[in-house]
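Each chain, letter by letter, is given below.
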Amino acid sequence: MIDTVPPAFIFIVAGLLSPLIKGKWKSAYLLAVPVVGFINLISIPEGTHWVVRFLEWDLVFGRMDRLSLIFGYIFHIISFIAILYALHVKDSVQHVAGLVYAGSALGVVCAGDLFTFFIFWEMLTVASIFLIWARKTKAAQSAGFRYLMVHAAGGLCLLAGIVMYVNQTGSIEFGFIGLDGTAATYLIFLGFGLNCAWPVLHPWLTDAYPEATITGTIFLSAFTTKCAVYALARGFPGTEALIWIGAIMTGFPIFFAVIENDLRRVLAYSLINQVGFMVVGIGIGTHLGMNGAIAHAFNDILFKALLFMSMGAVMYRTGKINGTALGGLYRTMPLTCIFCMVGAASISAFPLFSGFVSKSMVMDAAGAGNMKLVWFVLLFASAGVFHHAGIKIPFFAFFGHDSGMRPKEAPLNMLLAMGITAFLCIFIGSFPGPLYSLLPYPVDYAPYTMPHVVAQTQILFFSALAFTLLLLAGIYPAEMRCVNIDADWIYRKGARLFYFIIDKLFNGVNRLSDQIFVKGLAGFAGRLSRRAPEILALGTLVPLWSATGTTGEKLQDRIAKARAALDTGSSPVGIGAALATVFLIVVFLLL
Amino acid sequence: MHEKPKDDREYLFDKPGSVKKLLGIFFTSLVILLIIEIFTKKHPHFPWEGWAEFYCVYGFVACVVLVIVAKYILRPLVMRREDYYD
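So the protein sequences, as listed, match chains A and B. So the first sequence is numbered by the numbering used here: it starts at 1 and just counts up by one. So the second sequence is numbered by the numbering used here: it starts at 1 and just counts up by one.
These are calculated hints, taken from the structure and not from any lab test. It cannot be assumed that every hint is accurate.
Stated by the list, open to error - In silico DSS-like pairs for lysine-lysine, Cα to Cα no more than 25 Å straight-line:
id, chain 1, residue 1, chain 2, residue 2
1, A, Lys138, A, Lys493
2, A, Lys90, A, Lys22
3, A, Lys320, B, Lys71
4, B, Lys42, A, Lys372
From just these sequences and the hints, can you work out the full model?
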């Protein structure tokens with residue numbers, strides 16, 4: 001107990017100190033963080049640690065059970081890989097953001113109470129935003145801003161839910177929550193769902209991830225959505241709504257991915273598609289479903305990072321990422337090409353690659369639950385993911401038409417990072433035992449049965465056949481320079497409509513008030529107050545003078561004199577006194 | 001940025017016939033996959049899993065449907081000029 005610390009703290013403290021380390025030791029320092037963190041993590045016994053009393057609540061910084069530990073392991077592994085991949089980056093903001101982001105993710109999965117959980121959950125957003133802004137393009141800046149706004153809204157929703165929930169239950173412990181019909185649970189559910197990129201809530205992901213820095217995207221693809229998967233697995237296992245939400249998530253992004261030109265955005269769509277499988281597994285909630293979801297989260301972190309890394313390497317060397325601009329790069333980037341294909345095979349769940357041993361658990365869980373429609377959607381998504389992530393990504397980047405570019409192979413640190421990840425993808429796919437032994441529930445599942453291997457290979461090869469034939473027939477949609485609108489239209493264009501309406505409405509009211517009050521009433525009051533003494537004085541004096549026999553020119557002369565005297569404030573005392581008297585009489589009568 | 005291919009080296013798929021060879025291997029493996037199913041003992045969750053070549057047909061049809069829908073329905077709906085949001 002004494003020699004271990006909460007896993008999050010190592011990353012966060014080391015991250016904040018990292019700008020102080022300069023020169024050749026920097027790389028060693030950065031790489032040492034996840035290693036030290038990992039040793040720390042495996043030294044922590046299961047159970048509840050670091051309970052801090054705060055006001056009347058117990059904050060738990062270390063609830064270590066099998067569910068949080070497996071996320072802890074993979075977060076350490078991917079941090080090491082992402083740091084290695086980013087080792088050439090000189091911008092220390094990115095290193096700080098990356099480490100603090102990873103630390104926050106560890107904080108989320110180790111938090112035993114809702115308050116600690118929420119703090120780390122929000123830190124995820126704050127830290128990750130710098131990985132987007134660090135790209136320093138205008139597109140990245142505005143995408144980052146939208147990302148922040150959406151997550152701030154989601155965070156508030158979650159906070160409101162947590163406050164109401166704690167109020168109802170009187171406990172801040174983060175355990176099973178479940179939808180019980182109260183607003184509190186729905187708000188928490190929705191708050192988790194936003195980070196999980198549920199349909200319609202998803203565009204923050206496909207909008208911002210492809211705009212982040214090359215190395216930042218590797219961090220981004222690993223943490224935010226997987227923390228949400230963890231939160232759902234902790235709080236809402238077996239919630240039926242998740243089955244349908246997850247099924248839609250696996251389905252709709254593949255259509256967008258097929259017509260998308262930016263290859264990193266294609267990967268962002270397939271990220272949602274893969275998270276969909278996890279959400280379905282959690283929704284099913286059986287041991288097989290939960291194990292499948294968690295195992296798939298573990299594998300997805302690796303192969304999605306591998307795909308993003310290979311596309312990042314291409315982008316680093318060529319400066320381009322659109323399918324229209326790339327092609328034929330296998331010639332000079334053969335290793336990157338091979339690593340990309342390993343990632344593609346893993347995400348497509350080829351036998352012997354990591355996706356195979358986890359995705360099939362979710363499929364079988366759906367089959368065992370006799371969920372026909374969901375099973376069909378998942379099978380469709382399996383074929384579709386091969387289509388867009390498995391074939392399209394490697395084909396358009398490394399094969400296809402020759403772009404004429406002959407870039408150098410990726411830098412050594414990138415190759416190493418990709419190599420380690422590719423090895424893990426194949427290792428887990430070939431020897432799933434170690435991964436299965438880490439899962440929260442005992443695993444009684446054999447992925448490598450003859451019919452399963454044959455069925456999966458058949459479905460993949462015949463989708464490949466479809467791709468080949470469509471491409472040869474010229475039906476396959478050519479990549480185009482374009483943007484495809486998605487649900488973010490609501491706040492990107494919709495916001496403009498909103499702005500327009502608000503502009504017309506409130507500025508209209510403003511103009512109208514200006515006309516009536518500023519120019520009209522105030523002017524009138526101004527004129528009135530300026531002329532009131534004159535009107536009053538002359539109104540009294542003229543009849544008086546007339547009565548005393550002043551007429552004609554003399555009267556006009558007197559009026560002119562009095563007016564001048566009033567204007568300059570130099571009226572004779574008599575007139576002044578008379579005016580004051582008249583004024584008092586008027587006031588008296590009015591009141 | 002544009003380094004026009006100055007090297008005259010011939011890479012794997014530049015050779016005439018190598019793509020054909022690859023396609024040949026691919027189509028052969030498709031045939032093997034169709035045949036191998038006869039020798040597999042299935043234990044399906046659903047009855048249709050037991051149908052002959054169910055996965056082959058589904059995989060093929062799913063992808064054709066995916067592409068057709070994406071190209072002819074989704075793209076006309078959502079595609080905008082690159083500077084749409086600017």
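Here is what the structure says about each hint:
no.	hint	verdict
1	A/Lys138 - A/Lys493	18 Å, holds
2	A/Lys90 - A/Lys22	10 Å, holds
3	A/Lys320 - B/Lys71	24 Å, holds
4	B/Lys42 - A/Lys372	18 Å, holds
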